[in-house]
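*Asks:* So the chains spell out like this:
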Amino acid sequence: MSIIVGYVPSSEGVAALETAITEARKSQKLLVVVNSSRGDALVDRRYVQGDDIAAVADRLKAEGVEHLILQPVRGNGAASEVLQAADEHQADLIVIGLRKRTPVGKLIMGSTAQQILLEADCPILAVKAAPRN
Amino acid sequence: MTSLTSRLKGRSELGVALLLGAAGVLVLWDAAGLVTPYSKSDPVGPKTVPYIVAGLLIVCAVMLAINVMRGGQGEVEGGEDVDLSHPADWKTVLPLAGAFVANILLIDWTGWVISGTVLFWGSVWALGSRHYVRDGLISVALSLLTFYGFYLGLGISLPAGLLEGIL
Amino acid sequence: MDVFSSLMDGFATALTPMNFLYAVIGVVLGTAVGVLPGLGPAMTVALLLPVTQVLEPTSAFIMFAGIYYGGMYGGSTTSILLNTPGESSSVVTAIEGHKMAKAGRAAQALATAAIGSFVAGTIGTTLLAVCAPIVVKFAVSLGSPSYFAIMILALLAVTAVLGSSRLRGFASLGLGLAIGLVGMDSVTGQRRLTFGQPLLTDGLDIVVVAVAIFAVGEALWVAAHLRRTPANIIPVGQPWMRKQDWKRSWKPWLRGTVYGFPFGALPAGGAEIPTFLSYVTEKRLSKHPEEFGKGAIEGVAGPEAANNAAAAGTLTPLLAMGLPTNATAAVMLAAFTSYGIQPGPQLFESEGPLVWALIASLFIGNFLLLVINLPLAPLWAKLLQLPRPYLYAGILFFATLGAYSVNLQAFDLVILLALGALGFMMRRFGLPVLPLILGVILGPRVEGQLRKTLQLFGGDPSGLLSEPIAVGIYIIVAIILVWPLLLKLWRRSRPQAVPAGTAGPLPQDDQAQAGSDLRMAEADGGANDGSEMAEATGSTNQSVHARRRQEEP
Chain A
178 MSIIVGYVPS SEGVAALETA ITEARKSQKL LVVVNSSRGD ALVDRRYVQG
228 DDIAAVADRL KAEGVEHLIL QPVRGNGAAS EVLQAADEHQ ADLIVIGLRK
278 RTPVGKLIMG STAQQILLEA DCPILAVKAA PRN
Chain B
3 MTSLTSRLKG RSELGVALLL GAAGVLVLWD AAGLVTPYSK SDPVGPKTVP
53 YIVAGLLIVC AVMLAINVMR GGQGEVEGGE DVDLSHPADW KTVLPLAGAF
103 VANILLIDWT GWVISGTVLF WGSVWALGSR HYVRDGLISV ALSLLTFYGF
153 YLGLGISLPA GLLEGIL
Chain C
271 MDVFSSLMDG FATALTPMNF LYAVIGVVLG TAVGVLPGLG PAMTVALLLP
321 VTQVLEPTSA FIMFAGIYYG GMYGGSTTSI LLNTPGESSS VVTAIEGHKM
371 AKAGRAAQAL ATAAIGSFVA GTIGTTLLAV CAPIVVKFAV SLGSPSYFAI
421 MILALLAVTA VLGSSRLRGF ASLGLGLAIG LVGMDSVTGQ RRLTFGQPLL
471 TDGLDIVVVA VAIFAVGEAL WVAAHLRRTP ANIIPVGQPW MRKQDWKRSW
521 KPWLRGTVYG FPFGALPAGG AEIPTFLSYV TEKRLSKHPE EFGKGAIEGV
571 AGPEAANNAA AAGTLTPLLA MGLPTNATAA VMLAAFTSYG IQPGPQLFES
621 EGPLVWALIA SLFIGNFLLL VINLPLAPLW AKLLQLPRPY LYAGILFFAT
671 LGAYSVNLQA FDLVILLALG ALGFMMRRFG LPVLPLILGV ILGPRVEGQL
721 RKTLQLFGGD PSGLLSEPIA VGIYIIVAII LVWPLLLKLW RRSRPQAVPA
771 GTAGPLPQDD QAQAGSDLRM AEADGGANDG SEMAEATGST NQSVHARRRQ
821 EEP
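Protein chains in written order, with my numbering: chain A, 178 to 310; chain B, 3 to 169; chain C, 271 to 823.
It is possible that part of the hints are untrue.
[Said to hold, decoys possible] Restricting the straight-line Cα-Cα distance to at most 27 angstroms, the calculated cross-link-like pairs of lysine-lysine (DSSO-like) are: (1) C:Lys722 to B:Lys49; (2) C:Lys722 to B:Lys42; (3) A:Lys305 to C:Lys652.
Hints are computed from structural coordinates only; laboratory data are not their basis.
Only chain A is shown next, with the shape it has when bound in the complex (with noise of 0.2 angstroms):
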C-alpha cells in the first residue's frame, strides 16, 4: 500500500511531488519518492543529490508522511524504475509530472510519461507544472 512519486527537479518535478505529499497525507499512506538516473553520462541533472536531496527528506519529514526516496543508478530508464518500484511496494497510486512535448521531440526521445501510462497496473494521477505568475 503506497505511493510513488517520480521526481525530477523541474516544475512539473516538483508539482508532481507537491501532489503526491498531499495524496499521502489524505490517504496516511507510504510515500516512495523515485528519483533515478541511468549513470550513462557523467551528468545528470535529472539526478538530485548532496543538499537538494536533503532538502527533499527534510521537507517530507516536516510534513510528517512516511516517506522513502529511492535514487537507483543501474543503467535502467525513469519509467522502468518507477515501474518496478510500483511493483515491489504495491503502490495503489503512481503519481508522475508532464510537459509540454514538440511532436519531433516525441518521436526522437520517447515518452517516460507514455511508458508508465500503459503499463502500470495501478491508477496515475498526472500532474502539470503551476503556471508562472
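Following the hints, complete the assembly by docking chains B and C onto the known chain A.
*Replies:* Frame of chain A, contents of chains B and C only:
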C-alpha cells in the same frame, strides 16, 4: 580485495614481462637475420640499433619480472571517466572489440556506410544504450555523413561496397 | 625587428578567411574535448591526423594549435565545476576552484581561470616568438654529435622523469623503438621486422600508431571501467569578476606565467610542477592564507596561468628543435612527419611562413578562447550530459575512419586493433604511453642521426663526444639517470627521514644489473600505488634499507 585476486593480479603483470621479452627476442632474431656487407658510408649499419632495442626490451622484461615477483605493481591509469573500484568489465569490452572486428571484416565487402553503421551501432549497444531505433538512425546518419563528407570535403572516396551505384 | 615583421606576415597568413575558420574550428573543438570526459587534446589531434593528407599544412597546424590551447581552457572548466580534473596539469586548479564553486563563486573561478589563461597564453606565446629564433640560432650552430645528444636527452628525460615507474617507462620506450624499426631501412633498403609482409615494408603509419594508442586504447580502457554514477555538477551562470577579484588575481597570473613557461620548454618539465609551485607560492604570499583550502581565488589564478604558459613553453623546443615534450606536441610532430616536413632547427628557415603563421594563430586562438569561454561557459557545461555510449562509440568510429582513410586498407585496422589492445594493456599495467609514442616518432630520427654522425667519423664511436655541448648533454643525461641513486644516498645519510623498509633483502639485487641506466630504472620500479614515499621508491630501495638495518647494532 582478497589475497587470491591480488595474487592473480600480481601474476598477470608477468604477462607484460613475457610480452616485452618476446618482443625483444623477435627484434634480436630479425636483426640477426639481416645480411649486410660492411660499408664505409654506413659504419653503423642496419643491425646496431635493433640490437640495442632488443637489449633494452630484454633487460626491461627481466627486471620487470623480478620487480613483479617482489611485489612491485604498475600504477593503473585513472581518469575523469574511469572508475577503478570495479574490475575490468569484459562484458563491455569484448562486444566492443567484436563490433570493431566486424567492421574490419565487412569494410571491403559491404563498404563503409554499412560497416560503419554496424560499428557505431554495435559499439553504442556494447556500451549500454538500449534505444535501438534512435541509435540505428544516428549510426546510419553518421556513416552517410562521413562517407559524403570525406568524398566531397577531403576528396577521399571510402569504399561504397554493396551500395556501389546507389551512393 | 626581424621577429616582428615575420610575425606580422604570420598574422596576415593566419587571418585569411580559411585559416581563421580553421582557428575557430580548432578552439571550439579543443574546448569541447577539454570539457568532455575521456577526450584530450592529444587524442583529438591524433584523430584528426588524417586531414593532413588533404589540408594545407598551415591550416592544419592552425587547427591543431587551437585544439591544444582549447583543451587547456576546457579542462579548467570541468575541474572547477565537477572536481574531476581531466589532466594532471589541472589537478591543482581543482583544489581551490571546486571549493570556490561550492561556495557559490563558480563564476569568479571560471573567470579568473579563463582570463588568467588568456594573459599567460599571450605572454607565453610572446616569449615563444622571441625565444624560438634564439634557440634556433643556437641549434643550427650545433653539429650532428650534439644534435644526436639532444635527441637522446629528450627521449630519456621523458622516459625517466615523467611517470611513477622508470622501469615501466623504459619498457614503453623499448616497445616504441621496436615499432619504429618496422619497415625498410632508409640507408640500406633492408627490411626490418616485416616478416615478409609487403604491407609492412613502408613501416607502420604514425597516424595509425597514434590513433591506436591514444584513441582506441583509451576508449577500450575507459569502457572497461566506466563510471556509472552521475557526478554532482555545480550550476553556473556567466563568469564574471568583481574589482576585488581582479586585484587578487593579476599578480598570481603573472607569477604563474613565470613558473609555467620555462618548465614547459624543458624536456620532461611538463605542466604539473609549475602549477604546483605556483599554488604553493600563492599560498605563501596571499593576504588571505586562511582562505586556502576553502576556495581562494589566487589558488585558481596562479596554477591556471602556469598551466597555459607551460603549454606555450612546450611549443618552443617543438618548433625550434623538433623535440616534443608532451603527448600533444608528440602528435603534432607526427603531423609534421606525415607532411614530409623535417622538424628541427631548419624548420624556421625552410618553413618560415608556416611557423610564423602558427605562432600568430596562437595569439588569435587565445583571444578567441577568451571570447567563446567567458560567455559560453554554461553551454560548455551542458556537453557533460552527453551519454557515454555515444561519446566512446564516436571515438572508436572516428578512430577507425581516420586510420582507414590513410591507405584505404583493412590491414591498417588490424594493426589499429592490435596496437589498441597494447594501449589498453599499458594503461592496465601502468606503462606510460608517452615514451612509446616518442620512441616511434623519434626512434628512426635518432638512428638516422647516429648513422650520419658516425659516418662523419668513420665509425669511431668517440666521434659522438667530439663536441663540448654533446659532452655536457651526456652529463645531464647521466645525472637524470643517476638522480634516484643520489636521492637515496642523501636519504641514507639522514636516517631519521627514512621509515624502515618492509621487505627483506633479495640476493638478485647486486648481481642483476650491470647497465648503469637500467639500474636506475629498476630502482624506481617498485610498488607504486601512490602510497608512501618510502614505498614508492621501490624494491632496491627497500633492500638498501634492509641492509642498513642489518648493519645497525
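*Asks:* With reference to the structure, classify each hint as holding or not holding.
*Replies:* Verification of the hints:
no.: 1; hint: C:Lys722 to B:Lys49; result: holds (15 angstroms)
no.: 2; hint: C:Lys722 to B:Lys42; result: holds (12 angstroms)
no.: 3; hint: A:Lys305 to C:Lys652; result: holds (25 angstroms)
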